[in-house]
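Participant: In order, the protein sequences belong to chains A and B. The first sequence: position 243 = 243 (the numbering used here), numbered continuously. The second sequence: position 236 = 236 (the numbering used here), numbered continuously.
You may find that some hints are simply not true.
Identical copies carry no separate label here, and so any pair may be met within one copy or between two of them.
The list that follows gives simulated cross-link-like pairs (lysine-lysine, DSSO-like), each with its CA atoms no further than 27 Å apart [as the list claims (entries may be wrong)]:
1. Lys387 - Lys446
2. Lys439 - Lys387
3. Lys296 - Lys265
4. Lys231 - Lys265
5. Lys136 - Lys366
6. Lys265 - Lys205
7. Lys387 - Lys438
8. Lys205 - Lys163
What the hints contain is simulated information worked out from the structure, not anything from laboratory work.
Spelled out, the chains give:
Number of protein chains: 2
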Amino acid sequence: MASYVLDNGFFLLNDGSGRLVRGSLRVENGKIAKIARSIPKVKGEKRTDLAGQTVIPGFVQTHVHLCQTLFRNFADDLELLDWLRERIWPFEGAHNEKSLYASARLGIAELLAGGTTSILDMGTVRHTDAIFEAAKSMGIRAFIGKCLMDRDDNPPTLRESTKAALHENLELLQRWHGQANDRLRYASAPRFLLSCTEGLMRELKGLSDANEMIVHSHSSESRAEVEAIRKLYGSENIEAFHRLGLTGPRLVLAHCIHLSEAEKKILAETSTRVSHCPSSNLKLASGLCSTPELRKLGVSVSLGADGAPCNNNLNMFQEMRLASLLQKPHHGPTAMPARDVFEMATIEGARALGIEKDAGSLEIGKKADLVAIDLLEPSVAVEASEKEPEHVYSALVYSASPQCVRQTWVDGRSVFRAGSYPGTTVREIVLEAMRERKKLFARLRK
Amino acid sequence: MASYVLDNGFFLLNDGSGRLVRGSLRVENGKIAKIARSIPKVKGEKRTDLAGQTVIPGFVQTHVHLCQTLFRNFADDLELLDWLRERIWPFEGAHNEKSLYASARLGIAELLAGGTTSILDMGTVRHTDAIFEAAKSMGIRAFIGKCLMDRDDNPPTLRESTKAALHENLELLQRWHGQANDRLRYASAPRFLLSCTEGLMRELKGLSDANEMIVHSHSSESRAEVEAIRKLYGSENIEAFHRLGLTGPRLVLAHCIHLSEAEKKILAETSTRVSHCPSSNLKLASGLCSTPELRKLGVSVSLGADGAPCNNNLNMFQEMRLASLLQKPHHGPTAMPARDVFEMATIEGARALGIEKDAGSLEIGKKADLVAIDLLEPSVAVEASEKEPEHVYSALVYSASPQCVRQTWVDGRSVFRAGSYPGTTVREIVLEAMRERKKLFARLRK
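Okay, chain A solo, but in the shape it has when bound:
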């Protein structure tokens, strides 16, 4: 890939310095090669005028379900178990390759348009290739795994044998891990301990070590789940993960709301990663993860939007805003200040996925996963200034929205610009999704 230069921007480095640098940025071979007040012209090199826009590192969402995007606004105001049993599980079970591809594309379209450049995705049980294909063509950085559900008491449309589950899991790992210039990775996704046998969980440990593979699961989301785990495992949720050998820096657990003191200590001591999903936790009435407390203990906490039907957006601006605001009534108005939250949404997410050397900040040699933000939208109206970067952090966390996103790059490639995606239009993606949703619901009624 040829090199190019972005001129006349403000670059929020997010390298720990808090600095906002006015000037230019050069991308070479998909990586950040230079950031400086001015970059001399090189013949034939393309230059783009950012006209004062602010460039940030792309957001990293550490818990999403692209397979559920089609079900948005079709599963609301319901009890958690009704939500799963009457809607989400039957819906997931009715997916075919085409509907899953359309669901993933719609989700990725929203993610890229909202400045998210990396995701950790939990698929459904079947057709996982379709999610990889969508991520491959749309250009997002994605860790994806088929959902593992091998216990007998799983819903019949989704459950499978331990052997079949592990077999396909391995096949997908071999097929996709490291593809597209390492932009795609496989991440095993046991749904939660209640869905999986101990035997399966123990196998994943070896697979994770041998392949430097993320294991992605849910934990301690609802009180009912915590109770059920106690009955099944005779221990708390995180203790069970720990005993199975899975805790550690390659385990990413969504939610972690209802935790004992001993469990918090395990998370901190093993560097297990927590993905906080504030909108989803509200919508499903799950409760509130005490992120200031976890962070104080040294636990790595990043952010995710979860699935579209329990959010109902895939919008990191919204998750950042809530990750800050929700803690304030409990911990005071100075809790979770804007800069801390912005770091959770970027570099902490990169750490959770083990890609902190490649993503999460604007530093020389990192991959060019960038987002150009216009802070002159009337809902923001902040002029960036090197002297007062704190107003830019406030603007990004408390006021900005996908409406401010002008362009998104992954690996230096433009993947979203002014409402368009390379090779397709937003309308085409939305219309395909709505067609496939209709067909999926028709299959369900049969």
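Chain A is already provided as a structure; the job is to place chain B on it using the hints.
Facilitator: Relative to chain A, chain B alone:
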């Protein structure tokens, strides 16, 4: 004004029926004249194809501070008293006519672009004409009042004598109440009981009765305020309003978080209006208003974004979403379902302002305060259907954003369309606001 017809839309009536009607809507003399499957052509009458967009009644925000819009992202992550004393009060005190006009225009631009067509605004102490002028020229329906602060212990840049406060209050009432075809009204705005003398509050009662004038104040926002009221009045906050004769359907109180059972009963029995401001209550760490409980007691609860620096948006979609989501962890996932919240954002707001015969729903004879929403944004992707209006309610409350707003009308006049306002551009409004903010901060440093 000539009549015109909007064709090929879905009209969410919001008249209590829950119906979504496909077809056309005619506007005559600024009012809704007809809604039908099809409306026969009349020679010379303009027709606009909505291409399947959903038309809703404009949102009614019952608590905003347009004077604070300039301070957005300049007063974050602070304790409440620091926030007021070190930022908001000095900032308000430094306003001149030009900066206040720019602040109000910027706020109104965001409001109209986000589908809000009516507001109840609390100004600052001086230059209230500038807010009226901005509302007049931008075309929003607005109840506006100068902020009343006549106690001696108010900050010196804002306090004034009781006589001076009441004198200007009356002058503004006489100058603006009913102007612009009754689109502008005066609403007296005693800041809160801690800012005002009993004598002033008693005068407002007579003024309100004689002029059918709203009284707009804050109450029971923080525990410290509740404590201070107890010391000053020897009673709870709402009890003090009640004793002063002010409770009733023309009193709109923002927040109402920390209430005794007796106070809740007073609110219900007197039909006093509560304006719930969920984002602001989180950001200032105030707490959570128990809206399901108040509604069960029969209290009218509507919504407002409060000021930009404590939100940091003026976005009714966001307030609706939070008004639902925040209650679910406390009252279960079925609490505050989408349709109830949509009604709070529209018809309940109209009731609070006494304009329910003119606004808040799409009914024949009501003023044409309309918003055209495109639900095909990728972050929503819902096809409207007469048979399943519940998905449209979900989409509006849980997924939609100002990005979906295509056009806004007030009194049948188009006041926002595709990023533009009649007679001006969004950039002009934003740049003027940023210029005036710089000058205001320069005045403060002197």
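Participant: The structure should be examined with respect to each hint, and the outcome stated for every one.
Facilitator: Against the structure, the hints come out as follows:
Within a single copy, Lys387 and Lys446 get their C-alpha atoms only as close as 63 Å, which misses the 27 Å cut-off; across copies the closest is 20 Å, which meets it. Taking identical chains as interchangeable, the C-alpha atoms of Lys439 and Lys387 lie at most 27 Å apart only when they sit on different chains, with a minimum of 17 Å there against 55 Å within one chain. In this homomeric assembly, Lys296 and Lys265 come within 27 Å of each other (Cα to Cα) only inside a single copy, at 11 Å, whereas the closest approach across copies is 42 Å. When the C-alpha separation of Lys231 and Lys265 is checked against a cutoff of 27 Å, the pair qualifies only within one copy, where the shortest distance is 22 Å, while the shortest distance between copies is 45 Å.
With identical chains, the CA atoms of Lys136 and Lys366 are at most 27 Å apart within one copy only, with a shortest distance of 20 Å there and 52 Å across copies. In this homomeric assembly, Lys265 and Lys205 come within 27 Å of each other (Cα to Cα) only inside a single copy, at 21 Å, whereas the closest approach across copies is 59 Å. For the identical chains of this complex, Lys387 and Lys438 are inter-copy neighbours only, at 14 Å across copies versus 53 Å inside a copy, given an alpha-carbon limit of 27 Å. For the identical chains of this complex, Lys205 and Lys163 are intra-copy neighbours only, at 16 Å inside a copy versus 77 Å across copies, given an alpha-carbon limit of 27 Å.
When each numbered hint is compared with the structure, no violation occurs for any of them.
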